[in-house]
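There are 2 protein chains.
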Amino acid sequence: MKIAIYGYGNLGRGVECAIRQNADMELVGVFTRRDPVTLDTVYGAKVYSVEDIYGFKDEVDVLIICGGSATDLPEMTPRLARDFNVVDSFDTHARIPEHFAAVDESAAKSGHIALISCGWDPGMFSINRVYASAILPEGAENTFWGRGVSQGHSDAIRRIEGVVDARQYTVPIDTALELVRSGKAQKLSAGEKHTRECYVVAAEGADKARIEREIKSMPNYFADYETTVTFISLEELKRDHAEIPHGGQVIRTGVTGKDGVHSHTIEYSLKLDSNPEFTASALVAFARAAYRMRQRGVTGCKTVLDVAPADMSALSPEELRATML
Amino acid sequence: MKIAIYGYGNLGRGVECAIRQNADMELVGVFTRRDPVTLDTVYGAKVYSVEDIYGFKDEVDVLIICGGSATDLPEMTPRLARDFNVVDSFDTHARIPEHFAAVDESAAKSGHIALISCGWDPGMFSINRVYASAILPEGAENTFWGRGVSQGHSDAIRRIEGVVDARQYTVPIDTALELVRSGKAQKLSAGEKHTRECYVVAAEGADKARIEREIKSMPNYFADYETTVTFISLEELKRDHAEIPHGGQVIRTGVTGKDGVHSHTIEYSLKLDSNPEFTASALVAFARAAYRMRQRGVTGCKTVLDVAPADMSALSPEELRATML
Numbered sequence: 044m045k046i047a048i049y050g051y052g053n054l055g056r057g058v059e060c061a062i063r064q065n066a067d068m069e070l071v072g073v074f075t076r077r078d079p080v081t082l083d084t085v086y087g088a089k090v091y092s093v094e095d096i097y098g099f100k101d102e103v104d105v106l107i108i109c110g111g112s113a114t115d116l117p118e119m120t121p122r123l124a125r126d127f128n129v130v131d132s133f134d135t136h137a138r139i140p141e142h143f144a145a146v147d148e149s150a151a152k153s154g155h156i157a158l159i160s161c162g163w164d165p166g167m168f169s170i171n172r173v174y175a176s177a178i179l180p181e182g183a184e185n186t187f188w189g190r191g192v193s194q195g196h197s198d199a200i201r202r203i204e205g206v207v208d209a210r211q212y213t214v215p216i217d218t219a220l221e222l223v224r225s226g227k228a229q230k231l232s233a234g235e236k237h238t239r240e241c242y243v244v245a246a247e248g249a250d251k252a253r254i255e256r257e258i259k260s261m262p263n264y265f266a267d268y269e270t271t272v273t274f275i276s277l278e279e280l281k282r283d284h285a286e287i288p289h290g291g292q293v294i295r296t297g298v299t300g301k302d303g304v305h306s307h308t309i310e311y312s313l314k315l316d317s318n319p320e321f322t323a324s325a326l327v328a329f330a331r332a333a334y335r336m337r338q339r340g341v342t343g344c345k346t347v348l349d350v351a352p353a354d355m356s357a358l359s360p361e362e363l364r365a366t367m368l
Numbered sequence: 044m045k046i047a048i049y050g051y052g053n054l055g056r057g058v059e060c061a062i063r064q065n066a067d068m069e070l071v072g073v074f075t076r077r078d079p080v081t082l083d084t085v086y087g088a089k090v091y092s093v094e095d096i097y098g099f100k101d102e103v104d105v106l107i108i109c110g111g112s113a114t115d116l117p118e119m120t121p122r123l124a125r126d127f128n129v130v131d132s133f134d135t136h137a138r139i140p141e142h143f144a145a146v147d148e149s150a151a152k153s154g155h156i157a158l159i160s161c162g163w164d165p166g167m168f169s170i171n172r173v174y175a176s177a178i179l180p181e182g183a184e185n186t187f188w189g190r191g192v193s194q195g196h197s198d199a200i201r202r203i204e205g206v207v208d209a210r211q212y213t214v215p216i217d218t219a220l221e222l223v224r225s226g227k228a229q230k231l232s233a234g235e236k237h238t239r240e241c242y243v244v245a246a247e248g249a250d251k252a253r254i255e256r257e258i259k260s261m262p263n264y265f266a267d268y269e270t271t272v273t274f275i276s277l278e279e280l281k282r283d284h285a286e287i288p289h290g291g292q293v294i295r296t297g298v299t300g301k302d303g304v305h306s307h308t309i310e311y312s313l314k315l316d317s318n319p320e321f322t323a324s325a326l327v328a329f330a331r332a333a334y335r336m337r338q339r340g341v342t343g344c345k346t347v348l349d350v351a352p353a354d355m356s357a358l359s360p361e362e363l364r365a366t367m368l
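Protein chains in written order, with this note's numbering: chain Z, 44 to 368; chain C, 44 to 368.
Please keep in mind that the hints were generated in silico from the structure rather than gathered at the bench.
As the structure is a prediction and not an experimental result, all values here were calculated from the model.
When chains are identical, the list treats them as one kind, so a pair holds in a single copy or across two.
Capping the alpha-carbon separation at 27 Å, the derived lysine-lysine pairs in DSSO-like fashion look like this:
hint : residue 1 : residue 2
1    : Lys259    : Lys281
2    : Lys45     : Lys301
3    : Lys89     : Lys301
4    : Lys281    : Lys301
5    : Lys301    : Lys227
6    : Lys251    : Lys281
7    : Lys45     : Lys89
8    : Lys152    : Lys45
9    : Lys259    : Lys230
Isolated chain Z (complex conformation):
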């Protein structure tokens, strides 16, 4: 199947790499908003301007949209679904119903398939929440994130006056993890499950005490969490915090049998060296599913919850039954 990449940041670079790991896929090219001549791709993919994409309608089976969820995807995915089968990793949980409606209208009308929110949360974590709650309807569920870099929280710190750069790690609290795994906890709040570690580069002469106070009192982002702030140099930030690791756990505990006498724990866990590259790898596997579903006549907006696992795999149904089942 022929894949194209729309948008070329960390995510797009990850998709370029992931496509090389899948022998049944071919990369048509990268479409960028920057000047194509200035763009160096990881493995030398062909580069075009985003404006040229409409000349590739007949050459692209699935277009993987690698934009941001804040402003890019709400505009890009509905627009591009008019002419392409598309996959995105839209991850603003609260706005998914709205995004779904906009994309569905466009994809259903044009007869394309659009698979949205194909990352790990939303994405693989969502899938595991659904499986686990379907099997253990009487139970409690908790998601932990980290240890990993939260881009949104790092950005929030950077907007404070006197901050040159910052990196924020979300860190799960071990005792909360153990409590949840034991089945003794109901739904915990995010602040009961996580601490926040902030590494901050302050401008010369900036008031560090004020910066720390502003971070720790920031509503929604930090106020409800145990937060630590460590000031470091720009060199230290570049040396020790260049990577973008992440991960987490979806844990559901539940009871079965007469009077609920037996307890069970289902846990899905990710430990990722690179958040964008793992998301990219998920996008590529979901692009295969989108291609197969479209071949069977499926159109409109779908989510990861509508995808059967077999459609994600390069193996045939016979091979899957013989080797994976």
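Using the hints, position chain C against chain Z.
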């Protein structure tokens, strides 16, 4: 949807309990090979003889077949799929292609849907193997089982002369688990990943040394494992080993990015107080999916790999997108 249970051992009892946890399901009755009058059900379900099942063709949406994989299911599932939509938990991995073919012929011809191998391994573990290998195609995968009771290994010990009863626990080796999680191991053998603990009740005057020797040298079952044998009394067996816990992990590690520089670990883990009750709960969730898929016109034999997560859930697509995605 109206569900019936065919076969009433530990699994059937678990299904009876699980149906009560799902408000969208109704239990039509239990069909048993024993004399219905002698059968006490957990919650007082109606009991019929297996011979009466064909009088319920129009009253049962999905029939959950709760038989054993050795001799029951290879005969029951193809036969019952001629008149019912069916779900089973066939778990003899090596014979799945054969079982699939027999069930498919019968279900496709009669226009029913048959979902096979709907437990946890095969079942949820299979699903997770497929997702993880699709997302991280360049990697290694290992499954660990336990700590839990292996019915097959317990039975093998019971067949030795002089053994009154026995319970065998499969126990994962912690150092192997850590090695696999670190991404430093390729595919390990079952013996490299597990030890086997045997609790044996010997007949009075039996030669315990010979029994221990026969266990430890049994090919396939014990010869390739570090095995311990502990002789206990029948009272101790009944007191300390009455439960049927199990569980395990599917772990895939893989690399992404330029030259595979970043590593990732995906782990799906189950910790189950009751193996048959968890399998029963999975069967019930897959029965919901079978019902929905049949409503959409799907017929023939399918496996858990063909089921989209959304079809397992009692929630509507809108609710799932708003609360689970």
